[in-house]
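Engineer: One-letter residues, chain by chain:
There are 2 protein chains.
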Amino acid sequence: MIIDKLFQQVANKGHVCVGLDTDYAYLPDTLKRQNANIEDAIFAFNTEIIQATLDVVACYKVQIAYYEALGVQGMRCYQRTLEYLRLHGAIVIADIKRGDIAKTAEMYARAHFTGDFEADFITVNPYMGLDTISPYIPYIQNNNKGIFALLRTSNAGSKDIECLLTDKGERVCDTVGRQIAQMGESLIGSCGYSALGGVVGCTFADEAKEMRKNLPTTFFLIPGYGAQGGKAEDIALCLHKGNGGVVNASRSILLAYKKIENGESNFAECARNEAIRMKNDILNAII
Amino acid sequence: MIIDKLFQQVANKGHVCVGLDTDYAYLPDTLKRQNANIEDAIFAFNTEIIQATLDVVACYKVQIAYYEALGVQGMRCYQRTLEYLRLHGAIVIADIKRGDIAKTAEMYARAHFTGDFEADFITVNPYMGLDTISPYIPYIQNNNKGIFALLRTSNAGSKDIECLLTDKGERVCDTVGRQIAQMGESLIGSCGYSALGGVVGCTFADEAKEMRKNLPTTFFLIPGYGAQGGKAEDIALCLHKGNGGVVNASRSILLAYKKIENGESNFAECARNEAIRMKNDILNAII
Numbered sequence: 230m231i232i233d234k235l236f237q238q239v240a241n242k243g244h245v246c247v248g249l250d251t252d253y254a255y256l257p258d259t260l261k262r263q264n265a266n267i268e269d270a271i272f273a274f275n276t277e278i279i280q281a282t283l284d285v286v287a288c289y290k291v292q293i294a295y296y297e298a299l300g301v302q303g304m305r306c307y308q309r310t311l312e313y314l315r316l317h318g319a320i321v322i323a324d325i326k327r328g329d330i331a332k333t334a335e336m337y338a339r340a341h342f343t344g345d346f347e348a349d350f351i352t353v354n355p356y357m358g359l360d361t362i363s364p365y366i367p368y369i370q371n372n373n374k375g376i377f378a379l380l381r382t383s384n385a386g387s388k389d390i391e392c393l394l395t396d397k398g399e400r401v402c403d404t405v406g407r408q409i410a411q412m413g414e415s416l417i418g419s420c421g422y423s424a425l426g427g428v429v430g431c432t433f434a435d436e437a438k439e440m441r442k443n444l445p446t447t448f449f450l451i452p453g454y455g456a457q458g459g460k461a462e463d464i465a466l467c468l469h470k471g472n473g474g475v476v477n478a479s480r481s482i483l484l485a486y487k488k489i490e491n492g493e494s495n496f497a498e499c500a501r502n503e504a505i506r507m508k509n510d511i512l513n514a515i516i
Numbered sequence: 230m231i232i233d234k235l236f237q238q239v240a241n242k243g244h245v246c247v248g249l250d251t252d253y254a255y256l257p258d259t260l261k262r263q264n265a266n267i268e269d270a271i272f273a274f275n276t277e278i279i280q281a282t283l284d285v286v287a288c289y290k291v292q293i294a295y296y297e298a299l300g301v302q303g304m305r306c307y308q309r310t311l312e313y314l315r316l317h318g319a320i321v322i323a324d325i326k327r328g329d330i331a332k333t334a335e336m337y338a339r340a341h342f343t344g345d346f347e348a349d350f351i352t353v354n355p356y357m358g359l360d361t362i363s364p365y366i367p368y369i370q371n372n373n374k375g376i377f378a379l380l381r382t383s384n385a386g387s388k389d390i391e392c393l394l395t396d397k398g399e400r401v402c403d404t405v406g407r408q409i410a411q412m413g414e415s416l417i418g419s420c421g422y423s424a425l426g427g428v429v430g431c432t433f434a435d436e437a438k439e440m441r442k443n444l445p446t447t448f449f450l451i452p453g454y455g456a457q458g459g460k461a462e463d464i465a466l467c468l469h470k471g472n473g474g475v476v477n478a479s480r481s482i483l484l485a486y487k488k489i490e491n492g493e494s495n496f497a498e499c500a501r502n503e504a505i506r507m508k509n510d511i512l513n514a515i516i
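Protein chains in written order, with this note's numbering: chain A, 230 to 516; chain B, 230 to 516.
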């Protein structure tokens with residue numbers, strides 16, 4: 230199962246998930262000059278980042294919004310990036326946060342678990358209910374796929390809905406977490422985690438600890454490390470025996486070169502060094 | 230403002246919103262044979278449906294999932310369909326249900342309010358909080374755009390989160406509705422409705438009536454008519470003085486030809502007839 234592969238990747242290479250939220254503005258000028266168009270330039274940037282980090286990170290998360298923003302050529306670049314990742318055996322999380330029902334959800338499943346935009350995991354938004362998630366289950370069972378449902382995200386606005394208290398005395402995100410865990414019970418791999426995971430930010434450390442305890446079989450995709458304020462010790466609280474989660478970092482890795490003198494010319498190496506620094510930062514916190 | 234234009238369209242042409250959720254399987258065989266590839270065939274189908282319904286419907290809703298499912302060529306078809314709609318002066322709602330924060334949300338705004346995939350309205354998913362919506366506001370103000378936030382959808386699963394009771398004694402979807410209405414106060418057009426609208430299904434008629442009362446300035450995008458069980462009388466309860474909402478129908482219009490003998494050869498006329506039937510069905514219920 231893909232969740233076992235992800236678990237193993239974490240055990241072997243640490244918790245870093247490189248976020249390929251690649252804005253054209255992030256690219257070194259030389260790379261912009263070397264490529265005839267935006268699509269090729271971003272793809273070239275992505276491939277260099279991937280090559281430089283493959284052996285030190287657990288997986289990659291590609292944020293589709295950055296590619297959609299470039300229209301059809303952006304979607305081609307998205308397709309090529311996913312293809313390149315799969316070709317190199319990397320685990321790909323498509324951060325698409327889709328959420329729809331019935332035949333529309335089946336179309337999203339087809340879109341992101343097969344064909345041009347095939348990924349290993351996708352993120353999904355559960356607001357409309359569990360019938361937004363059930364259409365993905367056959368792909369988890371038959372095509373070795375997985376999903377991460379939004380539970381408690383790392384943004385300030387998560388208080389507006391996710392943290393509303395229900396009349397049962399639990400927060401909406403806890404209700405969703407419980408439902409997701411139940412739904413994922415039949416999808417648990419040999420690693421002890423389900424292929425139906427959850428997105429849980431590390432910017433509210435006490436809560437994350439509580440969610441880890443309440444959801445022992447739910448693998449976490451963890452945003453919020455670094456610029457958003459989450460620390461390695463906060464990550465440690467989201468894990469169990471040092472596993473059960475991957476930690477996303479995008480700009481800190483993609484733009485690491487900007488903090489290094491003459492970093493432009495070896496931006497990929499700068500990304501690698503930052504990925505290693507982050508990996509060790511987290512590993513040190515869980516020991 | 231775009232919301233005033235939509236209001237006027239409803240006043241002039243009724244409440245029908247044609248859902249271009251075009252599955253290749255829906256196409257008549259002749260159309261499949263006439264076109265060299267899936268992209269061209271679906272685009273040809275869409276253009277004929279649009280041409281045949283332009284003067285009898287309020288707007289069009291394009292469900293992006295159906296196009297994403299076809300990969301890059303699907304996204305080209307999506308781009309061409311939106312371009313065609315804009316070229317013919319139609320109001321386009323992109324049913325994308327995106328929901329993300331900060332720079333990612335800005336990228337979604339750029340993706341769907343400018344460039345290849347430009348639409349007039351988009352649907353958004355508010356689960357992560359109001360900061361998933363604020364990045365769209367400048368486009369509403371400066372680019373004459375609008376959004377529909379998911380409130381109470383028409384599916385059975387809407388009970389799982391949308392209808393959870395909060396400790397304040399209201400449902401999650403009512404809390405969201407209130408927040409959206411407040412946020413939309415500064416975006417109200419001369420028609421009395423805000424460019425920040427809501428998705429409210431008509432399959433729970435009593436609730437829809439209540440939401441109409443509680444949200445007097447919120448324009449509704451209404452799913453659930455027809456196959457899902459919503460009736461014209463239920464639609465009437467979602468409206469105020471016969472306006473304030475558009476009603477989506479997809480398969481009943483796109484596949485109307487299948488209910489007519491030899492309908493294949495004039496599928497667009499069949500779609501037109503069904504759109505007119507639906508338009509009159511609703512108009513009769515509100516008189």
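Hints in this document: simulated from the structure, not taken from any laboratory. These numbers come from a predicted model, not from an experiment. Careful, some of the hints might be misleading.
Here are the simulated DSS-like pairs of lysine-lysine, each with C-alpha atoms no more than 27 Å apart in a straight line [unchecked claim]:
hint	chain 1	residue 1	chain 2	residue 2
1	A	332	B	397
2	B	388	A	388
3	B	397	A	397
Engineer: Taking the hints in turn, state whether each one holds.
Structural biologist: Now for the hints, and whether the structure bears them out:
1. A/332 x B/397: 35 Å, violated
2. B/388 x A/388: 20 Å, holds
3. B/397 x A/397: 12 Å, holds
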